[in-house]
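*Asks:* Now that you have both chains on their own, put them together as the hints suggest.
Quick note, the sequences are listed as chains A and B, same order.
Each step along the first sequence adds one to the number in this note's numbering, with nothing skipped, and position 17 is 17.
Each step along the second sequence adds one to the number in this note's numbering, with nothing skipped, and position 32 is 1032.
Derived from the structure by calculation, the hints contain no laboratory data.
Only true hints are included.
Only some residues are given here: those of chain B computed to face chain A with a beta carbon under 10 angstroms:
| # | residue |
| --- | --- |
| 1 | Y1035 |
| 2 | G1058 |
| 3 | A1092 |
| 4 | G1110 |
| 5 | R1112 |
Bear in mind that the values here come from a model prediction, so they are computed numbers and not experimental data.
Think of the CB as a built atom: it goes at the ideal place given N, C-alpha and C, for glycine as much as any other residue.
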Amino acid sequence: KNEVEQSPQNLTAQEGEFITINCSYSVGISALHWLQQHPGGGIVSLFMLSSGKKKHGRLIATINIQEKHSSLHITASHPRDSAVYICAVSYSGAGSYQLTFGKGTKLSVIP
Amino acid sequence: NAGVTQTPKFRVLKTGQSMTLLCAQDMNHEYMYWYRQDPGMGLRLIHYSVGEGTTAKGEVPDGYNVSRLKKQNFLLGLESAAPSQTSVYFCASSYSTFRLSTDTQYFGPGTRLTVL
Chain A
1 KNEVEQSPQN LTAQEGEFIT INCSYSVGIS ALHWLQQHPG GGIVSLFMLS SGKKKHGRLI
61 ATINIQEKHS SLHITASHPR DSAVYICAVS YSGAGSYQLT FGKGTKLSVI P
Chain B
1001 NAGVTQTPKF RVLKTGQSMT LLCAQDMNHE YMYWYRQDPG MGLRLIHYSV GEGTTAKGEV
1061 PDGYNVSRLK KQNFLLGLES AAPSQTSVYF CASSYSTFRL STDTQYFGPG TRLTVL
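Same shape as in the complex, but just chain B (with noise of 0.2 angstroms):
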């Protein structure tokens, strides 16, 4: 099993451009994540997914939108970058069926973004 990917790992972006990144996972799991990592602070929730074409915001979702129509699949797009938005990007996934789970995360390796 490869656990969860994310793809690039790696990129450089003008003001204004757009891209997306992908996740995916081949656990089988119900509940991915998007989070951003800045320095000095903790990593934060910007959108979540529950199951396959469901999505919830988090934390920080302004400037981002999220797509899930495969439940292998959390693509997390930026449609105007801006340099607040230069940050390291992790997805995550956990398997759980019920909504109060409090099962373990599984966190890709990170996507570097850097907004010019």
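Just chain A, with the same shape it has in the complex (with noise of 0.2 angstroms):
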């Protein structure tokens, strides 16, 4: 079964600290991508990138192919960055515009 890992399943930090959330995969994919859920529960996507990084604002993504692995950087992190973070990807081949999600990790950003 192709299966999509996040770690950590919950992160706390303080106001201003870097924040590095980690999410790897099995198999080759399409393309992989990063949500985002509100405590009041709306899902909104971040990124999807198939290769090297993205940016926006404090927010970072890489991806590296090779090793099956991506990280979401949040640099200066802010209480209202406080929100489950998902990786999700699509898997190459039939179907690949269906996603397989990661549990999601949650982050806490204390003031």
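*Replies:* Spelled out as structure tokens, the structure:
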């Protein structure tokens, strides 16, 4: 079974800290997605990447295809970054528009 | 644009009752999806549709049916609800018109369903 593993499951940080969330997957992919789920439950897409690195504001996502690993970094973390961050992948081949999701990393940023 | 909307937001059912969840999108997206989210588990795909009039099974389709009679709407039905179907249900949509798409999925706000 193709799996997506995230670490850590829970993360507590002080405001201003640099945060890293990791995601690993088992087989070749078409793309990897990072999603954010707010405490109210809404889910938004942060990044979609198939190689290299993308940056949006204080968020940076990187992917290493050879190592089947991706990281999401948050610089200068803020309490409003508190959310669940979800990694999802589109596996290569048939049905690659379907996503397989990790269980999420719950981030709490304390003032 | 409203994006992806879901109706209702909350619902409580008794075992054996039926209901339909409605998902609507105004982005002219071809692909639509229904997921369920349970504590300690990742989102799991129930059913999906790659265009009007088409549906297909996902990872956990048992106990659910779907229909996509109009491009903008994707309905999820529970014919005889069971406590195991207590969950938060998310609808999503994405644009792509070609099979190997990796386009961003846009999610609805979710429906919290409790089956007693």
